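Chains A and B are the protein sequences, given in the same order.
Take the first sequence: its letters are residues 1 to 114, numbered as in this note's numbering.
Take the second sequence: its letters are residues 1001 to 1426, numbered as in this note's numbering.
None of these hints come from the bench; they were simulated from the model.
Some clues are possibly wrong.
Far from chain A, some chain B residues (derived; all Cβ distances over 12 angstroms) [to be verified]:
hint: 1; residue: Glu1042
hint: 2; residue: Leu1060
hint: 3; residue: Glu1092
hint: 4; residue: Ser1094
hint: 5; residue: Met1095
hint: 6; residue: Arg1122
hint: 7; residue: Ala1135
hint: 8; residue: Glu1152
hint: 9; residue: Ser1260
hint: 10; residue: Asp1275
hint: 11; residue: Ala1295
hint: 12; residue: Glu1299
Think about it this way: if two alpha-carbon atoms lie no more than 30 angstroms apart in a straight line, the pair counts; the simulated DSSO-like pairs of lysine-lysine are [claimed, not checked]:
hint: 13; chain 1: A; residue 1: Lys97; chain 2: A; residue 2: Lys2
hint: 14; chain 1: A; residue 1: Lys23; chain 2: B; residue 2: Lys1166
hint: 15; chain 1: B; residue 1: Lys1075; chain 2: A; residue 2: Lys23
hint: 16; chain 1: B; residue 1: Lys1075; chain 2: B; residue 2: Lys1210
hint: 17; chain 1: B; residue 1: Lys1109; chain 2: A; residue 2: Lys97
hint: 18; chain 1: A; residue 1: Lys2; chain 2: B; residue 2: Lys1179
hint: 19; chain 1: B; residue 1: Lys1166; chain 2: A; residue 2: Lys17
hint: 20; chain 1: B; residue 1: Lys1087; chain 2: B; residue 2: Lys1075
hint: 21; chain 1: B; residue 1: Lys1087; chain 2: A; residue 2: Lys2
It should be emphasised that the depicted structure is a prediction, and the values quoted were computed from it without experimental measurement.
No residue lacks a Cβ here, since even glycine has one placed at the ideal position from N, Cα and C.
Spelled out, the chains give:
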Amino acid sequence: MKQFLLILRGGRPAASKTEEESKAETAAWNVYMGSLAQNGHMAGGVPLVSGGKSVSASGITNEPVTSSPEGIVGGYLLINAESLDAAAALADACPHKNYNGHVEVREIAPMPAM
Amino acid sequence: MKQPALNNNIHLLADHLFRHESGKMVAVLTRLFGMHNLELAEDVMQEAFAKALKEWTFGLPPNPSGWLMLTAKNKAIDVIRRERYSKEFARETSMLLRSEYTTAPVVEKLFMEYEIQDSQLRMIFACCHPALAPADQIALTLKTCSGFGVQEIAAALLSNSETIKKRLQRAKNTIIEKKINFDIPLGSDLKNRLDIVLHTLYLLFNEGYKSCDKEEIIRKDLCEEALRLALLLTKNNITNLPKTNSLVALMTLLAARLDSRLNEDGEIVLLADQDRSKWNAELMRIGLHYLNMAAEGEELSTYHLEAAIVAEHSMAKSFQETNWQNIVNLYDHLAQMNPSPTVHLNRAVALSKLKGNEAAINAIKAIDDIEKLENSQYLFPAVLGELYANIGDKAKAGYYFKIAISLTSSAQEKKLLGKKMIFPEQ
Chain A
1 MKQFLLILRG GRPAASKTEE ESKAETAAWN VYMGSLAQNG HMAGGVPLVS
51 GGKSVSASGI TNEPVTSSPE GIVGGYLLIN AESLDAAAAL ADACPHKNYN
101 GHVEVREIAP MPAM
Chain B
1001 MKQPALNNNI HLLADHLFRH ESGKMVAVLT RLFGMHNLEL AEDVMQEAFA
1051 KALKEWTFGL PPNPSGWLML TAKNKAIDVI RRERYSKEFA RETSMLLRSE
1101 YTTAPVVEKL FMEYEIQDSQ LRMIFACCHP ALAPADQIAL TLKTCSGFGV
1151 QEIAAALLSN SETIKKRLQR AKNTIIEKKI NFDIPLGSDL KNRLDIVLHT
1201 LYLLFNEGYK SCDKEEIIRK DLCEEALRLA LLLTKNNITN LPKTNSLVAL
1251 MTLLAARLDS RLNEDGEIVL LADQDRSKWN AELMRIGLHY LNMAAEGEEL
1301 STYHLEAAIV AEHSMAKSFQ ETNWQNIVNL YDHLAQMNPS PTVHLNRAVA
1351 LSKLKGNEAA INAIKAIDDI EKLENSQYLF PAVLGELYAN IGDKAKAGYY
1401 FKIAISLTSS AQEKKLLGKK MIFPEQ
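Based on the sequences and whatever the hints tell you, model everything.
Next up, the structure:
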């Protein structure tokens, strides 16, 4: 079993959603998370607050990286899956894509022992 | 500024709340953390109370129990965030608690009123798990479901703190070794598991009921707790079975008489001499209601019969007007289901009112192993003494009363028996 990081980008800002839309989205997420947990795929995950800073050699800016056309990173999920394809299939079931979101699937690289 | 009076009140309130809320809190926290983390759940509950004692000195919150629950909830979330990658929590929630996305919703859901009750029920089943020794079940139930301290449990069970501590530790080890689950058994498992729960609650009730020491309010608390936990079982569709209702009926009907069992001097008052106007009419009404509920369905348990016997006494206007025929019939039925010497002895007492003292003496003498029982269990010689006294056989009455006195450790019982020796004709 390998681990994969699902990087969640974009999505609709909370302010633009009606109460019903919010509820429907939360319900869809609960179903998705529940099934990840039930099938032993869930390993972790956190949402991020929208603001942030960017740090590089050219200095520190007062906002997160926004250059990606898919939007800024809004959170991640850590999942267990057999393969990259299986992980992508799990990501495909994530409701995020139905709400203007984008999910990047990346395998966790085990660091070799020194 | 120190406010000693307020401080004192806060401690009293905290004590009161502890009894009432700690069981709930530990149940919900254990549902989150898993039965194997029972001690962690207890720690979090204790921390919430410690925080209350500290903060309430500056003023009470408008809803103290709500405040405690909220504090426990926030502390639980802290623990989960700190330990989510290093600890296995409850199987049912562990994975969801690993993700920050789902932690708060899962915790929120389990702290909802309906789920709290469900968790309390699971805790009763876990504490009365058949893998635990019966004595350990009782101690663990009192500690975990009822918020009794070690000393209180020791006092309530006429034991000492060291023994209780050992029992609790043994129970906790067994929970981990045998991987005892935190769930409500379903299907064919339910009947057996519920039987054990009901039996343990009845034992708990009896520990309090048969107590003779008026000072020991704690023993009355035992009765209340047993009844409260049994009532919880009637609030869930899965466990609200006729047998459960019959046990609630039995406990309630007995509890109705609790205050008339001892007189002002703390001496036992026999059923025949009890002031029936002191019986709690409200409890009797509730008891009869549950007995009606218990009549649904096919199952007839020993609790049904015992409750029916107590109900028969409750409905009699006076001791003389008791329907002894009904009571003897019920005991006949009970003796078929549970042919224990005690049931036969009680049947004989009822028979003495119906057929006379000789018939009762003959019935007792016919009990298996009666020679052994006469000399080992005080109720047997006490009843025989009484029956012989009734027929004027002073020699035999005195003989049996003497054995009875040597067999009981209760000062009240010794006193009662002593009186009978002086005035055996009464």
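So, going through the hints one by one against the coordinates:
The beta carbon of Glu1042(B) sits about 26 angstroms from the closest Cβ of chain A, which is more than 12 angstroms, so the claim that it is off the interface holds. The Cβ of Leu1060(B) lies farther than 12 angstroms from every Cβ of chain A, with a closest approach of about 35 angstroms, so its non-interface assignment holds. Look at Glu1092(B): its CB is around 9 angstroms from the nearest CB on chain A, not clear of 12 angstroms, so calling it non-interface is violated. The claim that Ser1094(B) lies off the interface is violated: its Cβ sits roughly 8 angstroms from the closest Cβ of chain A, which falls inside the 12 angstroms cut-off.
With 12 angstroms as the threshold on Cβ separation, the claim that Met1095(B) sits away from chain A is violated: the shortest Cβ distance comes to roughly 4 angstroms. For Arg1122(B), the shortest C-beta to C-beta distance to chain A comes to about 19 angstroms, beyond the 12 angstroms cut-off, and the non-interface label holds. Distance to chain A confirms Ala1135(B) as a non-interface residue, since its nearest Cβ pair spans about 38 angstroms, more than 12 angstroms. Glu1152(B), annotated as away from the interface, keeps every beta carbon of chain A farther than 12 angstroms; the closest lies near 40 angstroms.
Residue placement check: Ser1260(B) keeps its beta carbon more than 12 angstroms from all beta carbons of chain A (closest about 55 angstroms). No beta-carbon of chain A is positioned within 12 angstroms of the beta-carbon of Asp1275(B); the least distance is around 60 angstroms. No Cβ of chain A approaches the Cβ of Ala1295(B) within 12 angstroms, the least distance being about 42 angstroms, so the stated non-interface status holds. Every Cβ of chain A is farther than 12 angstroms from the Cβ of Glu1299(B); the closest lies at roughly 36 angstroms, confirming the non-interface assignment.
Between the alpha carbons of Lys97(A) and Lys2(A) the distance comes to roughly 23 angstroms, so the proposed pair stays at or under 30 angstroms and holds. Among the hinted pairs, Lys23(A) with Lys1166(B) is inconsistent with the structure: their alpha-carbon atoms are about 51 angstroms apart, more than 30 angstroms. For the hint linking Lys1075(B) to Lys23(A), the alpha-carbon distance of about 27 angstroms falls within 30 angstroms, and the restraint holds. Simply put, Lys1075(B) and Lys1210(B) have alpha-carbon atoms about 41 angstroms apart, too far for the 30 angstroms limit, and the pair is violated.
At roughly 27 angstroms between alpha-carbon atoms, Lys1109(B) and Lys97(A) fall within 30 angstroms of each other, so this suggested pair holds. Only pairs whose Cα atoms come within 30 angstroms are accepted, and Lys2(A) paired with Lys1179(B) is accepted, the gap being roughly 28 angstroms. In summary, the hint linking Lys1166(B) to Lys17(A) is not supported, as the alpha carbons are separated by about 58 angstroms, beyond the 30 angstroms threshold. Restraint check for Lys1087(B) and Lys1075(B): the C-alpha separation of about 16 angstroms stays at or below 30 angstroms, so the hint holds.
Distance restraint check for Lys1087(B) and Lys2(A): the Cα-Cα separation of roughly 20 angstroms lies within the 30 angstroms cut-off, and the hinted pair is therefore satisfied.
Checked against the numbered hints above, the structure breaks hints 3, 4, 5, 14, 16 and 19 and satisfies the rest.
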